[in-house]
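Peer 1: Sequence:
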Amino acid sequence: MSRIGKRPVTVASGIDVSLDGTTLVAKKGNLEKRLETHGRVGISIDGSEVTFERKGDEKQDAAFWGTYRALFNNIIIGLDKGFTKSLEINGVGYRASVQGKVLNLQLGFSHDVNFDIPEGLEIKVDKNVITINGSDKQAVGQAAAEIRAFRPPEPYKGKGVKYTDEVIIRKAGKAAGK
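Just so you know, we're using numbering that gives the first Met the number 0 here: the sequence shown kicks off at 0 and counts up by one.
The calculated lysine to aspartate or glutamate pairs, modelled on EDC-like cross-linking and capped at a C-alpha distance of 20 Å, are:
1) K32 <-> E118
2) K5 <-> D60
3) K100 <-> D125
4) K123 <-> D135
5) K123 <-> E87
DEER-style ranges, computed between Cβ atoms:
6) K126 <-> V166: 16 to 24 Å
7) V128 <-> S47: 31 to 39 Å
8) G20 <-> V101: 35 to 43 Å
Rather than coming from a laboratory, the hints here were simulated on the basis of the structure. From the three backbone atoms N, C-alpha and C, an ideal C-beta is built for every residue, glycine too.
Construct the complete structure from the given sequences, taking the supplied hints into account.
Peer 2: Below is the structure:
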């Protein structure tokens, strides 16, 4: 039995939720997010709470029950507060700047790395910290992972792009000779 699926999703004020067939639609202002459930779970909307129910008794139905509840909860949080990921750039000469819809990264390569900012995301650069904001948790995390992948942190000096809360376990360098 899914403990996550059992809990109702509380909808924040200012967000309108409706059911369109098997698709849940959440709107706030001009932002609209949709969650297609493909009829795998039952959905009931009661005021400011949305409840999910299992449709069948198969193991897969229980998995989808918790998954769809978690995905819809992330949609509500994204529309209400948004999601943020921060990356930190460490290294001599490593820089970042935003030019229009492109994040320009200088990461020690012979050329600059240009990252096209996805639709719906906002990227800010403050010295050596890149902050990614958006209403879609998956898109924010994916953009952060792609930026980090250009130059992951290395364990000897810690140079590279890392999450601000990431801990890099440092290795000792070569031992001195005789």
